[in-house]
Amino acid sequence: MIPLVYFIFLSAFLFCVGIYGALTRRNVIGILVSIELILNAANINLVAFNKYLGTPDGMGQVFSLFVIAIAAAASVVGLILIIAIYRDRKALFTDGFTLMKE
Amino acid sequence: MIPLLSSIIFLPLVGVLLVALTPSRLDKCIKYTGLLITGLGLLLSIYLVMCFDKTKSSMQFVEYCPWLTGLNISYHLGVDGLSLALIFLTALLGFIACLASLNIQEKVKEYFIFYFLLMVGMFGTFMALDLMLFYIFWETVLIPMYFLIGIWGGPRREYAAVKFFLYTLAGSVLMLLSILTVYFLAQPHTFDILKLSSVGFDPHWQMVLFLGFFVAFAVKVPLFPFHTWLPDAHVEAPTPVSVLLAGVLLKMGGYGIFRICLPFFKDAAHNLAPALAIFAVINIVYGACVAMAQTDFKKMVAYSSVSHMGFVILGVAALNSTGFNGAVLEMFNHGIITGGMFLMVGVLYDRAHTRDLSQFGGLSSSMPFYAFCLTFLSLASLGLPGLSGFVGEFLSLVGAFGHYPWLVVLAAIGLIVGVAYFLYMLQRVLLGTLNPKCVSYGDMTALDLISVVPLIIITFIVGFYPQIVLTFQQVTINGIAHLF
Amino acid sequence: MNIAHYIPLFPFLAFVINIFMGRRLKVASAYVSIAACVLAFIFSLLVFQGFSAGQGSYSLGTWLVINGKSLNFGVIVDPLTIMMLLIVTFIGCFILIYSIGYMHDDPRFSRYFAYISLFMSSMLGLVLADNFILLLIFWEGVGLCSYLLIAFWYERPAAAAAGLKAFITTRIGDTGFLVGILILFFACGTFHFTDLKSVTGPESLLTLAAILIFTGAMGKSAQFPLHVWLPDAMEGPTAVSALIHAATMVAAGVYLVARCFPLFSAHPMALQTVAVIGGISALMAATIATVNNDIKRVLAYSTISQLGLMMLGLGVGGLSAGTFHLMTHAFFKALLFLCAGSVIHAVGTQDIQKMGGLLSKMKITGATFCIGTLALAGVPPFAGFWSKDEILLTAWNNHHPILFVVALLTSFLTAFYMARLIFLVLFGSARSQLHAHESPLTMTIPLMVLSVFAAFAGFIGAPIKEVGMEAHGGSFLIMAISTVVSLTGLGLAYLLYIRRIVLIPVSSVSGLHNLLVNKYYIDEIYDYVLIKPCLRLCQGSFVFDAKIVDGLVNAMASITQFFSGLLRKTQTGLIQNYLFVQILSLVLLLIWLLKI
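Chains as they are written, first to last, in this note's numbering: chain D, 17 to 118; chain C, 22 to 505; chain Z, 18 to 613.
Mixed in with the good hints there might be a few duds.
[Stated by the list, open to error] Here chain Z is said to cover these stretches of chain D; the calculated rule only asks that three of the stretch's residues, wherever they fall, bring their Cβ under 8 Å from a Cβ of chain Z:
1. 29-40
2. 100-113
[Stated by the list, open to error] Straight-line distance between alpha carbons at most 20 Å, and here's what the computed SDA-like set of lysine to any residue pairs gives:
3. Z:Lys586 - Z:Lys564
4. C:Lys458 - Z:Arg173
5. C:Lys216 - C:Phe485
6. C:Lys287 - C:Phe485
7. D:Lys106 - D:Ile96
8. Z:Lys86 - C:Gly500
9. Z:Lys564 - C:Thr316
10. Z:Lys586 - D:Asp111
11. Z:Lys86 - C:Ala502
12. Z:Lys86 - C:Phe485
13. Z:Lys549 - C:Thr316
14. Z:Lys43 - C:Ser386
15. C:Lys75 - Z:Lys564
[Stated by the list, open to error] Among the chain Z residues that face chain C by a calculated CB cut under 10 Å, a handful are:
16. Tyr171
17. Val196
18. Val560
Don't read these hints as lab results, they were simulated from the structure.
Just so it is clear, CB atoms sit at the ideal spot from N, CA and C, and this is done for glycine as well.
Generate the whole structure from the sequences, applying the supplied hints.
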């Protein structure tokens, strides 16, 4: 059986990649994708801990399902916003969006 | 039985509902709803005045209902001689300003919604007998006022609205802190104004709390040096809002002093009265001097308000029944007269689209009705004996004379400046040869006259026979004066 | 039956009718006013009769309650009031009749009668009021009407400015009046005139109160130093000048002092002040009148001078003398003003240097003008002689030699300038092209009636007799002196203006002449010392308000804005920066929590 620590490393790696992507991508869709990565890192953790720590009733799995559902909803909202912004600005680069600062 | 006070307060909320449900293209319909609701409010308040028992000094028409029992907050309303005249004033000016609002062209629906909310707040403030309720109504006034100035105002409306909002809010924050302190100092903890009146706070606390409340009220009154929001707000506000601002909002400050500062903190009032008198006289003289220097008609009237409200504070500082009666009467009279003055400014502004006094001249020839009304109201405002402005000022002066003869002399000298700037204004607007720019101005319309004439009649009647108002307030006011 | 309080109501009703229906009534508005005035006169006579039958003052109820003391709607009925009532309504009637002719083509004909009626109403109320506050109400009422009527031809900037000046100047006096009333109230707790006989209180305080009350009278009666408004007030219609600024309203100050006479006579200091101010005004105005060339202004200065004489009379203790002169003066000065109005109406100018020889063209006006002049100059047996003589006599008997000389000098100057006036206007030859014609009957009938009174009112005798005033010694001597002095004044004017004899070279007195022509530069001094600094103070306080007071408020806002501006720099608006800070702080938090 694969040791737990492998999963943790995998999820940590995914998390870091997600963070890195979210911080560095200029394209909004890229940021959205990176956020999905972060969420999936969490999912891996949830499922792995559920398996290895033997939480009752499969709570970890339930939570990961929740996360997936919410992530889907979140990306829908995010994509809608992105489309709205795109229609307005004809661009999807974050450094252009500083309206809040003005 | 129908709860009369609640009906008066929440009648405008019905108006909000009705207006909200009317499509915004039916703006005529919305305006008539506005007239209907404010007219009903006026009728109700007249009914209230008729049912009022002049001989009782206690609260009447009391409505009590526990609200947030854990904190001892209750829905407690009542009317006595102090608030009665102000409620009537609110209803009357509410109706008259509504008549003046028929000229509003833009966003009529939103305008009337805010207008009604404002009415709720004003009525509530004068009727609330629970500090928390009082505070809620007090703040309720602020928000619609902010929008009414900020959306329907003149060119610098944002600046004026924000200034008004922040200035009054800064005052109210101090009031909120004081309210909480009062709550925790009182044993048992209570927000009830009547109970708190008889608590008798520790003298050291009294000073702090008096000032805390007083600053909030002083901003509203407004008292020098907290007055600078007033000219800006007035100049930018549309005519009906100016009428309510000068006619009712300023009185909330004076009312608060009588309802809260004086009964709660008697010792502090005693100690601070001389300072109040000094500030009052500064208000009177300084306001008049600044008004003299104005070229903007509305700003001049605004500064004249500053000057007149000085008499209210002077009457408060007298700490005797004559002064108090004078102060309360002056609040009522000032509401009527200055409300009328702002209507007159509005009438002229509608025609000229300027308020620069140098742009007029000789209007007596082309606008005789206007000339009559403006002259009448100016004379009332400058305190001509025989018209209502004089009586309140005179009683304040008599009341204060025993304690501060020199200050009263100074205030009387301020009255001369008052005469000067009003007459100078009349000279620039009405007298002289007709300014060619003003040839096309039509005289006051029937609508203008309907809104101004009742005020003129009241001014005359009260001036000639002041007992007609004084009898309603005397018993209550003498009760407050008896505390000192 | 108590009917006195109805008297002011008639003119007030006329005012209401005329102001609201004037345009429809047109000429009829004059009849409304006259009818009201006649009714008021009849009622005044009834009150007089009632008073003779023993009716007195009464009260109509409470007006205000001040410091627990109630203030009544009181009506006072005594000889002084009755005298004033009769003067106001009687002279008022004729001036109203005169006004029909004088104002006949004015576009605001009915407005004029409305204002005049309001004035009559206030004036009658003023003399009926039995306490200071009620008096003050009507006092300001007459001041208001005076303002409205001075500025009646408001298209002329001079008229508008004169109205403003009149109102503000009298208001300055009234402020003193108000403070005086307050002091009196606090010293002895009363506003009622009837209590003045028995007031007791600190001597100095009551003296101060009396002097301050007198400042009100100074403003109203145009006494030095508050006299500046009256000459300017001549911008109003001449009939107004006759009624308000000669016969009635300006006499209200004298009436006030007479009304409060018990208070004054109990405090010699106050009485002294009244006499001195009266003397200064009398002499100063009379000297100015000798050089003025405006027919109405000469009369205006003469009014100031005569009012000063009344004050002087009161001030030396002569209640009867002062009020007697008030009465006779009302007749002949109203007459003179109406004559002047008739002349102005005919020739269309007020400059006496352009007139001359009008007697032949305007016989009635000329003759009545002469009667008025003789009455004012104090030539026996005309009305002015008797009352002036009484003042001189009182001054002499009460041992005020300086004031006696002042009064004598004033009467000399009075005779001189009045003679100068009629010589320049009526006699000699016309100095410019004038198309003079006699005025219509509506104007000449009042002239004739008033001239009868100007001639013979002196024989009525003083309406108010002081207690203990019996025949004084030396009265014949003083009569003789005063007659000689008046005739000398007339003669001097005859030499100078008819015979054109140059007594002294003009150049030698040009300095004095300039001083007089410029009215002692008092207007200029006020402008420089009072008005300009006051306006500068107002302007200064406005700048202070905008820059300092409001500046502080805005500065607070700016300071807040500055600091928030600094903080705002951290808000880049870039979502990734926020995220980075979030993560960084999360990591730091973790490090701290896990104690790594």
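Problem set entry | Hint check, failures only | Hints 3, 5, 6 and 15 contradicted; others consistent.
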